[in-house]
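Generate coordinates for the entire structure from the input sequences, incorporating the hints supplied.
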Amino acid sequence: MPRLWFDKGTLLLKGEAGTPYGKWDPRSGCYRIKACHYRDVLDYFRESRIRLEDAVPDLPPLEQLKSNVALRIYQNKALDNWQRAGNRGVLVLPTAAGKTFIALKAIELLKAQTMIIVPTLDLIDQWRKRVKECLGVDAGVVGGGECVLRMVTVSTYDSAYSQAAQLGNRFLFLVFDEVHHLASPGYMHIAEMYIAPYRMGLTATYERSDQRHALLPLLVGDAVYSIAVEELTGKHLAPYTYEKIAVDLTPEEQSIYDADMGVFKSYLQKRHIVLKSAFDFQRFIMTTGRDPKAREALLARNKALRVAVNSEAKLNLLAEKLETYRNEKILIFTLYNDLVYTISKRFLIPAVTYQTPREERREILANFGSGKYKVIVTSQVLDEGVDVPDASVGLVLGGTGSSREYVQRLGRLLRKKEGKTARLVEIISKETVEVGISRRRRQKTGGPPTVASE
Amino acid sequence: MLPSSLLVVWKRKGEIAPRYAKPSADNLEVASRLIDAYKAHVGDRKKVLKAFVADLENTGYEYRFVRGLSLLLDRRGTFTCNSKVSPVDLRKKLFAAAEKLGFPTTLERRRRIVEAVASELALSPEVVEASFYADLDDELVLERFEAPSASELLEHYNLSLTQTLLFDAVELRFAASGNWQNMFYTVKKLGLMYEVYRDGDCFWVKVDGPVSLFKLTKRYGLGIAKLLPAVVANSEWTVGAKILWKYTNEICNLKLDSRKHGSLLRKPSLQAPASYDSAVEEAFASQFQALKSGWVLKREPEPVVAGNSVIVPDFSLERAGLKVYVEVVGFWTEEYLLRKAEKLKQVEARMLLLVDEALACEKLVALEKRPQLHFIYYHDEVPLAPVLRYLEKAFEEVKVGEVEFLSSLPVRFTEAVVSYAEFAERVGVSAEAVKAVFAVNVPLGYVAMPNALVSKEKLGQINGKIEERLKQAGKLTFSEATRIIEAEGVSDASSALTHLGYNIAWRGISSDEAEVSKPPNRA
Chain A
2 MPRLWFDKGT
12 LLLKGEAGTP
22 YGKWDPRSGC
32 YRIKACHYRD
42 VLDYFRESRI
52 RLEDAVPDLP
62 PLEQLKSNVA
72 LRIYQNKALD
82 NWQRAGNRGV
92 LVLPTAAGKT
102 FIALKAIELL
112 KAQTMIIVPT
122 LDLIDQWRKR
132 VKECLGVDAG
142 VVGGGECVLR
152 MVTVSTYDSA
162 YSQAAQLGNR
172 FLFLVFDEVH
182 HLASPGYMHI
192 AEMYIAPYRM
202 GLTATYERSD
212 QRHALLPLLV
222 GDAVYSIAVE
232 ELTGKHLAPY
242 TYEKIAVDLT
252 PEEQSIYDAD
262 MGVFKSYLQK
272 RHIVLKSAFD
282 FQRFIMTTGR
292 DPKAREALLA
302 RNKALRVAVN
312 SEAKLNLLAE
322 KLETYRNEKI
332 LIFTLYNDLV
342 YTISKRFLIP
352 AVTYQTPREE
362 RREILANFGS
372 GKYKVIVTSQ
382 VLDEGVDVPD
392 ASVGLVLGGT
402 GSSREYVQRL
412 GRLLRKKEGK
422 TARLVEIISK
432 ETVEVGISRR
442 RRQKTGGPPT
452 VASE
Chain B
399 MLPSSLLVVW
409 KRKGEIAPRY
419 AKPSADNLEV
429 ASRLIDAYKA
439 HVGDRKKVLK
449 AFVADLENTG
459 YEYRFVRGLS
469 LLLDRRGTFT
479 CNSKVSPVDL
489 RKKLFAAAEK
499 LGFPTTLERR
509 RRIVEAVASE
519 LALSPEVVEA
529 SFYADLDDEL
539 VLERFEAPSA
549 SELLEHYNLS
559 LTQTLLFDAV
569 ELRFAASGNW
579 QNMFYTVKKL
589 GLMYEVYRDG
599 DCFWVKVDGP
609 VSLFKLTKRY
619 GLGIAKLLPA
629 VVANSEWTVG
639 AKILWKYTNE
649 ICNLKLDSRK
659 HGSLLRKPSL
669 QAPASYDSAV
679 EEAFASQFQA
689 LKSGWVLKRE
699 PEPVVAGNSV
709 IVPDFSLERA
719 GLKVYVEVVG
729 FWTEEYLLRK
739 AEKLKQVEAR
749 MLLLVDEALA
759 CEKLVALEKR
769 PQLHFIYYHD
779 EVPLAPVLRY
789 LEKAFEEVKV
799 GEVEFLSSLP
809 VRFTEAVVSY
819 AEFAERVGVS
829 AEAVKAVFAV
839 NVPLGYVAMP
849 NALVSKEKLG
859 QINGKIEERL
869 KQAGKLTFSE
879 ATRIIEAEGV
889 SDASSALTHL
899 GYNIAWRGIS
909 SDEAEVSKPP
919 NRA
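Top to bottom, those sequences are chains A and B.
Note that the first sequence covers residues 2 to 455 in our numbering.
Note that the second sequence covers residues 399 to 921 in our numbering.
Errors might be hidden in some of the hints.
As the list claims (entries may be wrong) - For lysine-lysine, the following BS3-like pairs were computed, each having C-alpha atoms within a straight-line distance of at most 30 Å:
#1 B/604 to A/15
#2 B/437 to B/409
#3 B/721 to A/330
#4 A/106 to A/78
#5 B/490 to A/15
Claimed, not checked - Sample of chain A residues lacking proximity to chain B, with all beta carbon distances greater than 10 Å (derived):
#6 8
#7 9
#8 26
#9 43
#10 112
#11 148
#12 213
#13 262
#14 303
#15 351
#16 364
#17 376
#18 440
It should be emphasised that the hints constitute simulated quantities derived from the structure, not laboratory data.
Heads up, the beta-carbon is just placed ideally off N, CA and C, and yes, glycines get one too.
In structure tokens form, the structure reads like this:
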């Protein structure tokens, strides 16, 4: 009888039969098959009426799930579409629309060993809590130095990728949180090296600027459900306002900014370089490795941007805003880590960056959740993944031009709570490139009209 | 290994190579300046060190080179947080105080909060400020530093640079002069796969991974980078890698060679095969060597090709050009034995398997029919007698074959002395076989000595010289006679003398005292 087994992230097939999904591997003297074709191979043998010894899955024991998840109408619709697509596919829903609950319901219905794959350690904690609350079981964890496999296991993308050769045959259902990450050249191996026939992708920001999201149908399944923020605002999401405030740089800052930006611009002019897209910029960065002048120009631009983004004037305005929103829960976002620490030190506000020790980070987020801390300041690490229902004010002191970042930061504030109106306030430096960066990130996202104030 | 942002390469027409830091005066100076800076900054914050490094970057050196060296030096240092209070606890207090007393939107209010916390902890406000974020990476203090020499640092840098380039490798090919067991073990441990090609006496090993079968993938680049030190630890090696260059999405070739690059790269110390896998192996090796059987025992010899994979045997035994590989099969899992049996099926070389009889694996028994494999079962300890019997038999078999071959060989010599060893090597048989053939079948005009054929003409010349000497001096010691004979290119002195009818009268063990004479009846 032909035998099929798992070997380091792939399947091996030995015996008197081949398969259209595999390739002969002279190194092993048998057929080798991508793990993601596991179900296809089984189907092929079943249809050919050939008996096959299937030694592939090595699953953690099943546990009795208790469920108290009740889905909203649109969540039910999303789950329904996903099931009809053969338990595969991507669901595109705004942050705070309750993606987690759809996935948990799917686990409950499938009753299959599941790995939930998330981008950050904070999200591991959050999912674990939800699994316990909604399914009544302890979730296993892979990542952050832990490796405990259970019926429902939460892992980071990093660990799921680096341990694919050992974990690829341990689960039948994969949930990809923030599934846009999966399309990266490295992480896409996760989709290929795991046997799980059932797959669900969740995201609020399906599109990638590098267009690689086009791979997702192959890796997870088609986008089977999509709903926009506007459709949910009010009933399921908190209403929100957006305000942009431009501040003047101090005269000193302005002169440093102008001088450094001048160096950068004159270099571009001299070389006839036009930077229109992210790709152009990437190419320019590459030349800085060969050309010291290009590097000098890049460093000057970064310094100028730093001055604009980290402006003293912004800090003064920030002080004002902290007064104004004294009774609200506030998230402060910056572009650079040093501004995070400047703000943290100056205003004695807890900071969360990639350098924050994990225990302290957990505690800060827990305290923010419970209301012991009313303000936290962070760079980009919390763009995805902190869930604080009653955070209502976002103060953005700097960011990249990406519209994903904007959507994600906004998403942190949109969780519905009675009587809450979320405010996103962006503080930018006048007459600097920040104006353009701010405009770029809000493109494509719509939302309520900007309240311009100076 | 370095972050890929610090990678510096040469790339031209599909070839790629790290831009190595040669031990030039310039590079050695940068290295020394950095090392000195680290030594001088013990006790300072990382921030201060990095400011020095940034200055050095701006003095016209390739910044990625300077930063790469600095990163390697960081790893030789111990950075610690030397705050009097735990910064995490301190922050907790400060944040809580700010929440309680209201956010310090003015500096005055901030000062009051800091002072309140300071007095609660019985610290000065300055200490509180200094400890606030003393655990951030840049604020850590260099406590200890193990300084390398400047050239060591450059070699380490070059090795790291090569490994960094290999992150983007889709496959690696290498040949090496030894260290096989360690290299194959590393390949397996890293989840990689290999294929072995044989090119004459040279083995080529190609390394990639399971998924490589389906697409060009960099997934195994990290493993390949980790394998590199085991390869370059050899005295001779050649490495070729296919690099998927991300900026242009093309495949570039990296070619390195010990002759050209060996001295640039840091050589990790070769793991001496000191410890044996098992006590059985150890006992066998020492007992066998004590026998002085004429067989030369070598541990961890070159790999033996078995189909598409290899076996690195535990020992090889070699005698007069005949090589027998020895593999000790001790206590292992059944799966291991099955794999081993599968491999052994494809072995072409002569192999002696010493198998623990407790294993009694039928898969192995089925292999006993194969003529090139010989099984000896042991209990606790390998019995030497059957091993020797097998070796002698193998040797005899080979010799018989060779004798037949040699006898059929039409030979005609012109040299005065034909050494068996040299002739054996020329024809490709064992010296023993040559000796056996010529002992029976002496070529015309020659005399068969223990180590060589000597022409009768040459023996006549030797005889003349000895007689002359005897006439002059009246007597001749054996050591003198030996010198005369060896000067004629013949090593078998005593046999030559005996053949020429001389007596050697020994008066002790010293050849200086042994006297050579001719019996009177032949004079």
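Given the hinted pair residue 106 of chain A and residue 78 of chain A, is their alpha-carbon gap at most 30 Å?
-> holds (12 Å)
Is the Cα-Cα distance between residue 490 of chain B and residue 15 of chain A 30 Å or less?
-> violated (60 Å)
No chain B beta carbon within 10 Å of residue 9 of chain A's = About 5 Å separates residue 9 of chain A from the closest Cβ of chain B, which leaves it inside 10 Å; violated.
Reported absence of residue 112 of chain A from the contact zone with chain B (all CB gaps over 10 Å) = Non-interface label stands for residue 112 of chain A: nearest chain B Cβ at 30 Å, farther than 10 Å.
Least C-beta distance from residue 213 of chain A to chain B larger than 10 Å | holds (13 Å)
Status of residue 26 of chain A, Cβ more than 10 Å from any chain B Cβ = About 5 Å separates residue 26 of chain A from the closest Cβ of chain B, which leaves it inside 10 Å; violated.
Checking the smallest CB distance to chain B, is residue 8 of chain A really beyond 10 Å?
-> violated (6 Å)
Satisfaction of hint between residue 15 of chain A and residue 604 of chain B, Cα-Cα up to 30 Å = Holds, at about 23 Å.
For residue 303 of chain A, which was marked as not at the interface, is the minimum beta-carbon distance to chain B over 10 Å?
-> holds (13 Å)
Take a quick look at residue 43 of chain A and tell me if its Cβ sits farther than 10 Å from every Cβ on chain B, holds or violated.
-> About 19 Å separates residue 43 of chain A from the closest Cβ of chain B, which puts it past 10 Å; holds.
Minimum Cβ-Cβ distance from residue 364 of chain A to chain B exceeds 10 Å = violated (8 Å)
Given the hint that residue 437 of chain B pairs with residue 409 of chain B, test it: the Cα-Cα distance must not exceed 30 Å.
-> violated (36 Å)
When held up to the earlier numbered hints, the structure conflicts with 2, 3, 5, 6, 7, 8, 15, 16, 17 and fits the remainder.
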